[in-house]
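K.L.:
Chains as they are written, first to last, in the working numbering: chain R, 1 to 316; chain B, 1 to 314.
Rather than coming from a laboratory, the hints here were simulated on the basis of the structure.
Please note that the accuracy of each hint is not assured.
As the list claims (entries may be wrong) - Partner residues are not named here, just some residues of chain B that face chain R (Cβ under 10 Å, in silico):
| id | residue |
| --- | --- |
| 1 | A104 |
| 2 | L105 |
| 3 | I143 |
| 4 | F299 |
As the list claims (entries may be wrong) - Okay, derived cross-link-like pairs now, DMTMM-like style, lysine to aspartate or glutamate, Cα gap no bigger than 25 Å in a straight line:
| id | chain 1 | residue 1 | chain 2 | residue 2 |
| --- | --- | --- | --- | --- |
| 5 | R | K221 | R | E208 |
| 6 | R | K130 | B | D306 |
| 7 | B | K63 | B | D52 |
| 8 | R | K36 | R | D81 |
| 9 | R | K99 | R | E208 |
| 10 | R | K130 | B | D156 |
| 11 | R | K59 | R | D91 |
| 12 | R | K36 | B | D156 |
| 13 | R | K36 | R | D49 |
| 14 | B | K63 | R | D167 |
| 15 | R | K59 | R | E208 |
| 16 | R | K130 | R | D81 |
Even for Gly, the Cβ is constructed at its ideal location relative to N, Cα and C.
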Amino acid sequence: MAHYLLVRLLRWASGLVLIVFVTYAMMFYGAGDPVKRMFIDSEEFADADPVIMQILQEKYGLDQPFIVQFRNYVVNLARGDWGNSIRLSVDRPVWEIVKFRLPISMQLGFAATILASLVGIPLGVLAALKHNRWLDRLVVSSVTFVTAIPVFVTAPMLLFFLVLVVDVMDVPYGWNGIFHSDVILPVVVIALGPLPIIVRQARSAVLEVMSQPFVRTARAKGLSERMVIARHMLRPVMTPVVTTLGLQMITLVNGALFVELVFNIPGVGLLTIEGIRTVDYPIIMAVTIIGTLIIFVSNLFVDLIYPLLDPRVRFS
Amino acid sequence: MDSFALQRAESRSLWQDAFRRFRRNGLAVAGLVVIAIFLLMGLIGPWIAPYDFLAQDLFNILKPPTPEHWLGTDELGRDIFSRLLYGARTAALVAFSTTAISLALGILVGTWAGLQGGRVDQFLMWISDQVQAVPGLLLVMLINTALRRPIINWFDRLYEQTRNPFYLNTNWLDFVLVFSALALIAWPGFARLIRGQVLSVSQEDYVLAARALGTTEMQVMLRHVVPNSLGPLVIAVTANMGAAVVLEAGLSFLGLGVQPPNASWGTMLSDSLRLWQSFPHLLIGPAATIGFVQLAFVFLGDGLNDALDPRRVT
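Only chain B is shown next, with the shape it has when bound in the complex (with noise of 0.2 Å):
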């Protein structure tokens, strides 16, 4: 009788929930709240940076921090934290652009392995296995240098068809070509898990008393499969866009990724290497940059962990 009025009383979602339990975690909501900036800085930091990304002032090269430049200029006289702004523009970009195709290609290849089973659901497996079967880092490397003339080839063919000026923009051929390399190795790994929750929650009985209670195909998989598929898939999303803006970081790092004189993270520590003994400034601003994000995914991702897991009770 109680456990019936106490049910009526408090009958709260599996989000009301988790909200709940995210919102007691303070580390996790202090990520949230960095990440947030650094998107918020991605979408409108060109805007609010005191000097643009370019613009060289060649009477203050390799300044320390000054109040006119808070973080000190680079071997160009080019304002650091201005860079930095921009730098955040290209890591929001990959995070969501990467995290948006190879979560499509990811709900494409699982639901169809899934659903499908039998041979084509060994044979998708497959590819992905063999996909994972390379070092990560070096796929992106592979990838990339194998997309990089034939990108040029299009954007140089579009051009002559449409006299565009948009595709004379080598700046967003860096960006396509950095979003398709991550992508393509991101995919196996979120068709992976969806292949899984599809077959696990297909299983379950609330699913089963659902199918007999007579619920329709189309609304078992609304309300019932994809609500309770969602959560591992949050936590698997947030974790996909952190290390994405850490792959596009090493693969300008390494000089693959995004190419002067586009702002990149990557590049403004792999620029810093040669001169950090006489200019440290040039270092510890990327390098303190991309930990703090790092950090900011890291308890975001743990805080999502502990709030979305319905198994936990508390």
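So here's chain R without its partners, still in its complex pose (with noise of 0.2 Å):
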């Protein structure tokens, strides 16, 4: 266990050295420096003294060459200081603009996470336990529905239904804590990210279930239906559901991301968007680092938690 751990470990951050150098790489040769860029891109500072241009260029160390710049921010990220922010927010060390912008980003993700399976696992069940009748066929084209339409669609859709049509609420904006009402209808976009497969997981994986002989002999000796269900058939059918849920993290960052624009939370889904426009290479730097986390993370979690959930499948 201790040795597969450090091996998937190694193997991830063998990865990760790859993928910061070749986006240190993208953004130094392709992207330009962001003192430069501030520069080109603002009228207001067109005419700047390139004095200025130059201690700002020393300051941030932009004045080195790559390879100088980038065993700089890798050793100082060994140390644990992601460097400070050059453009977006002048010179605050991107760990406390992180520290203060993902929790916003999680409490939405986790909210997200059970308000999806909540939803999703007992539509899921009931859609199979009514297989081809018209409330599986209602869940199935409406999860077909909910597939195909792109989180920046829905978002607005939902406003305009919600804000001018039923008149319901007024348009959130901001970030007021999780149990602020204005929470709700983010959630509810990111959560329909994950929704159809979590639907569509357990409905198959109960319809497998039904016909396997251990459920006939649960029958067969007299249980009742709830019983069938309870005792017999949501074990096998939340292990295909966790699996999902732990690879459908990437739905809810790439949500989080249109989500946090939309509605204007300050979340790291945000800070990525800002952090590319104004070429912030420090808050770029640590968004691909945390992306990046993410997904090993969840991925880890399927594959520790597969064992748990199925004693059939052992860890390789």
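Take each chain as given, in its own frame, and dock them per the hints.
P.N.:
Quick look at the structure:
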């Protein structure tokens, strides 16, 4: 187990080194120096003193050659120093920004995951129990509909419907804590991302389990239908559903990006967009590392929890 | 005896079978029709559009739908219906080129990895793992930002050398950027699929049988390996085209894709977000179009999935 974890971690770390290197190189050779871009991009800085530009470049080490810059970044990162934001929020340590913004995105993602499973699993089970009846058809077709429509269409359309047509809410804006009612719509929109896959997985898992001999035996020995479902069917259904949940983290990350932009929530998604727009190296590097970390942890979580849920599977 | 007679009477190829199955699926056919219309609009849209997509009618700003402007006008008095038609051109171009580039890359890497095996295979799959280890949208944004300046400079240099006004057209520049960024994240999916197909199909008994009969390697490839790997590839290509349309719209929605004044459904949608409360017609047009086309892609994909799975007996 410890060996397995270590191997996984090492393999991920080797990949991360490549990703960090390539990202840094793309920013350095492609996007260009953020200080220079600040002067080129905005009119008000256009005729600013080149001496100021040079001082700023020196301050952030941007006058160094690529290899030196990259080495400095990695050395500082190893010490726990993520660097300071250059343009977006001037000179503030990136770690401080992330410490403020990551919890917001994580709370949103967590709430969305819970919502998606609380709605998705019962829907899938119900659809399977009513296989080929109208309820099943309804669930399957609405799931197809939700799959097809991208987040950046769903969010404005729901806003349009809920604010203008039925008029049950004001436009949610910004972040007022996870228990504020402004959070409802963003969480619902993010939850719509993984929801279809959860419903599908739960439905097909129940359909598969229903034809198993042990379910027939349970029925034959006179167990009530409710007990058959609770005792014999739910557990085998959990395995594929939990797996999907882990693999759907990426949908959550992508969804959060758009949702945070539409509802102006200061999470990591919005930070990513702002960081990329301003070519703020330290912020771009930080969100890239966080993004790959989220994917790694959720994949690892799936592989670790699988043997616990299904004893037939073993680590390899 | 009976079965022999039957077989001779009705011998159908995989594709004829697939076509029969596909035709029976009403939703999939409807999806195909919608996508065909969408691609056609991408091709001829600008000629049938009632107005030019840049023509500003400053006396008719932000007008809701009227007989003159079927879907109304935007904040510069441009006809929304015409802009949607031009947006279809953007979306169709992106869908086609992105899929073509990433498919070419995928075939190259996939067959190379599958046929070589060993170290080469491990290395190529490691690289494609790393591409998939970064959230896709973030990677697209990174590549897009990284490529913008070099491509602008490259176009400038080409203009200096050739004095061809084509290189001053920034519209093409945006397209080149979006194609490359989207293709660079999509190829690992194709590479994996093709590598898997190369490995599994060449292990099949019918390939062994063909080899045993003395068929040349070339014929084994063309007659057995390629046709039998084509089904999953057709499904993947369709899915990729749909995904490319979404990603282009998403990227433009974030302000990183196709830049104004070029028309893109994503840009139209994000532009409407400032004004949608007073002028909801700005929002409905692009949102409904994206939703409709995506739904068509999903139905078509499901239909192809059912039709092309040879293990399915109907």
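K.L.:
If you draw a straight line from the CA of K63(B) to the CA of D167(R), is it 25 Å or shorter?
P.N.:
Holds. K63(B) to D167(R) sits at ~23 Å (cutoff 25 Å).
K.L.:
Hinted pair, alpha-carbon criterion (25 Å max): K99(R), E208(R). Please report holds or violated.
P.N.:
Violated, at about 44 Å.
K.L.:
Verify the proposed pairing of K36(R) with D156(B), using a straight-line Cα cut of 25 Å.
P.N.:
holds, 19 Å
K.L.:
Quick check on L105(B) please, does its C-beta sit within 10 Å of some C-beta on chain R?
P.N.:
Hint on L105(B): violated, closest Cβ of chain R at ~17 Å, above 10 Å.
K.L.:
Against chain R, with CB atoms and a cut of 10 Å, does the hint on I143(B) hold up?
P.N.:
Constraint on I143(B) satisfied, holds at 7 Å.
K.L.:
Against chain R, with CB atoms and a cut of 10 Å, does the hint on A104(B) hold up?
P.N.:
violated, 22 Å
K.L.:
For the pair supplied as a hint, K130(R) and D81(R), is the alpha-carbon distance within the 25 Å limit?
P.N.:
violated, 56 Å
K.L.:
Quickly compare the C-alpha distance for K36(R) and D49(R) to 25 Å and report which way the hint goes.
P.N.:
With a Cα-Cα distance of about 12 Å, the restraint between K36(R) and D49(R) holds, given a limit of 25 Å.
K.L.:
Given the hinted pair K130(R) and D156(B), is their alpha-carbon gap at most 25 Å?
P.N.:
It is violated: about 63 Å lies between the C-alpha atoms, which goes past 25 Å.
K.L.:
Is the Cα-Cα distance between K63(B) and D52(B) 25 Å or less?
P.N.:
holds, 17 Å
K.L.:
So if I understand the rule, the pair passes when the alpha-carbon distance is 25 Å or less; does K59(R) with E208(R) pass?
P.N.:
violated, 63 Å
K.L.:
Assess, step by step, whether the Cα of K130(R) is no farther than 25 Å from the Cα of D306(B), and give holds or violated.
P.N.:
holds, 22 Å
Comparing the model with each numbered hint stated earlier shows that hints 1, 2, 9, 10, 15 and 16 do not hold.
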